[in-house]
Amino acid sequence: MELKAEGASRWFFRSNKSSNYFYAVQKTDFTAENGKITVIGGKSGSGKTTFLNMLCGLLSPSEGSILLDGEDMYEMSDSRRSRIRNKLFGVVPQGQTGLKSFTVLENVLIPAQMYGSKTDLTEKAESLLDGLGILELKNVYANELSGGEMRRMSLARALICEPQFIFADEPTSDLDDEATSSVMKLFRICADKGAAVIINTHEKEVSDLADKVYRMDKGVLLPAE
Amino acid sequence: MSFVIRTALKNIKGKPFRSAVMIFLVMLLSFALFSGAFIILSLQNGLSAYKARLGADIIVVPSSASGHGTVDDILLQGITGNYYMNKKQLEKLDTIEGIEVSSKSFFLTSAKASCCSVRVQIIGFDPDTDFTVMSWIKESFSEKIGDNQLVIGADVTVPADHIIRFYGKNYNVAAVLDRTGTGLDSAVYVNMNTVKQMAEDASRLSAADGLEGIDPSSAASAVHIKVKEGYDINDVTDDINIHVPKVMASSSRSMISSVSEGLSGVSNMTGFLVGAVWVMSLVIIIAVFAMVSNERKKEFAVLRTVGASKRILFGIMCAEAVVESVIGALAGLLAALLAGISLSGLIKASLGLPFVTPDTASYTVICVCSLFLSAAAGIITAFLSAVRITGNETGLLLREDA
Ligand SMILES: Nc1ncnc2c1ncn2[C@@H]1O[C@H](COP(=O)(O)OP(=O)(O)OP(=O)(O)O)[C@@H](O)[C@H]1O
Ligand SMILES: [Mg+2]
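Line by line, the protein sequences are chains R and A. The first sequence begins at 54 in the numbering used here and counts up by one. The second sequence begins at 40 in the numbering used here and counts up by one.
Hints are computed from structural coordinates only; laboratory data are not their basis. Don't take each hint at face value.
Per label pair, the in silico range of CB-to-CB distance [to be verified]:
hint: 1; chain 1: A; residue 1: M330; chain 2: R; residue 2: S72; range: 32 to 40 Å
hint: 2; chain 1: R; residue 1: L188; chain 2: A; residue 2: R350; range: 28 to 36 Å
hint: 3; chain 1: A; residue 1: I44; chain 2: R; residue 2: D227; range: 30 to 38 Å
hint: 4; chain 1: R; residue 1: D131; chain 2: A; residue 2: G314; range: 35 to 43 Å
hint: 5; chain 1: A; residue 1: V318; chain 2: R; residue 2: E124; range: 44 to 52 Å
Remember, it's a predicted structure, so these values are computed and weren't measured experimentally. Positions of the beta carbon are idealized from the N, C-alpha and C atoms, including for glycine.
Using the sequences and the hints, build the whole thing.
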């Protein structure tokens, strides 16, 4: 499958001298590369999160379009787009995203159960948690986790349905070196299976392991030199 | 179990305080609705029972009765007493023009009877002229009430052997009257022969005051009058008051209107209170939803990122609201039912208005209505809040901190 941004931009209201809006992301063309790990770096506030959210169907572009196999994602019905995000996309949002009334294992299994799956993915979930070093926390409620533990939990949740597109917004920001490398190992396995992995990050260790690196600069996506 | 329901239940369990507040507020809604409907309906029942019970166009009592309250009070509260009109007054009354039927009754304030912890009021009436008492007999009772037979009000306990003792003699309970919601429910009715007998026994035992020189066959405590077609009730009432010495005549229409005035006052007040509770609870529910909506927004944004459609989010919020609202509505109803049953005597006494609790069918109707309406109110508020939350783009919601 092919995921592309065509002239996609996004502006927000914000008053300054000359206008009352500004572009968080300028018109951007981009193609997600299957089987590769793509990293987008750049300063805080440069528009990385905004861009990633547009790509994964969570934020509509102000201009241009996001095309999945040539079809505009934001022209689809909400239920179809949601279904695609559930089955084909794995999203790790920025920030703390545990559902607090659920245990770690339940959190991870949510995407698999949302539309009533027949196969039991508990074993797969446990092996993902094991790979991320938090298996012993599987029956703990999400509100008891540390920041890094919760981050790894939401990573496992994003990967449970074996998505073809993985969007991770600063997935390693509060992880130690060891945890970071286990996360990157997982991403590599996914890419080797053919998934397109797109990561927003500030961290050089992550960029070093990428196949392709971009830099976001004031809403403009540039190839890194 | 489907994902939606499971998630809703987990959320309810996971946020016990939030859920408890919601349940409590819906409980208030259904409690207020049920008890309001219960009171208003009971008053309306009371009024129609009272209207029907009065039956007469005019009621005449001696002026000495005023020591016991107004004629309205006397009939409404069932305050009877040892006051009597004499033969001369009654003869004069019979000469008034425009009277179709007049039926005398004789009050005997009783001593304690073996059956009752309170004093019962004995009312002697004349079955031949009567048009107000016998029409209220509950069961079919075709014969006329005979000597030594009792017809008792709805609140008088019927002994197992149907025998009540008065002044040393046993009497048979022949029939029970329907409930009127007034003090008349605790009265015992007998025919004139019987009341005469009782009065004699009472005098002999000196168990009743004010009976010296009173002959029940020629005296009466109250006279119920039906006015002839073509005569104005108020004119006849005035005539009686002018021409018959030392009596008070009162048209039952004016009594009914004063009762229904008091009743609509209480009904309006009750309606107002119920409305106030509803407005207050709904405002709090909306405020609570607004307060928790930040937390919810983040929660729902996360579900969206892993692929939940708006429909699923809606489903979760509504399922939560349905569970909480139904529990709340049931709890409120149960509380109101218990309160209604245990306090209806107290409410009745403190209102001083005819109060007849609804029958099973009306009970069922107001139960179902208050359940349905309060649950619906909870669910609709949740629904509106769900519309607001899911209206936002997920990418924007994700930025908001929980
Ligand atoms: N919903 C919004 N309303 C207004 N301004 C917004 C909104 N979302 C983002 N912005 C602005 O757009 C710019 C880009 O934000 P974005 O979150 O994409 O940055 P980022 O590169 O992800 O930064 P960080 O590395 O700190 O996460 C910022 O200046 C931000 O203030
Ligand atoms: Mg960001």
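Cross-check of the supplied hints:
1. For the pair M330(A) and S72(R), the beta carbons lie near 35 Å from each other, so the given range of 32 to 40 Å is met.
2. The given range of 28 to 36 Å is respected by L188(R) and R350(A), whose C-beta atoms sit roughly 34 Å from each other.
3. Separated by about 34 Å at the C-beta atoms, I44(A) and D227(R) satisfy the suggested range of 30 to 38 Å.
4. Evaluation of the 35 to 43 Å hint for D131(R) and G314(A) yields a pass: the beta carbon distance comes to about 39 Å.
5. One distance hint, 44 to 52 Å for the beta-carbon pair V318(A) and E124(R), holds here, with the actual separation near 49 Å.
In the structure shown, no violation is registered for any of the earlier numbered hints.
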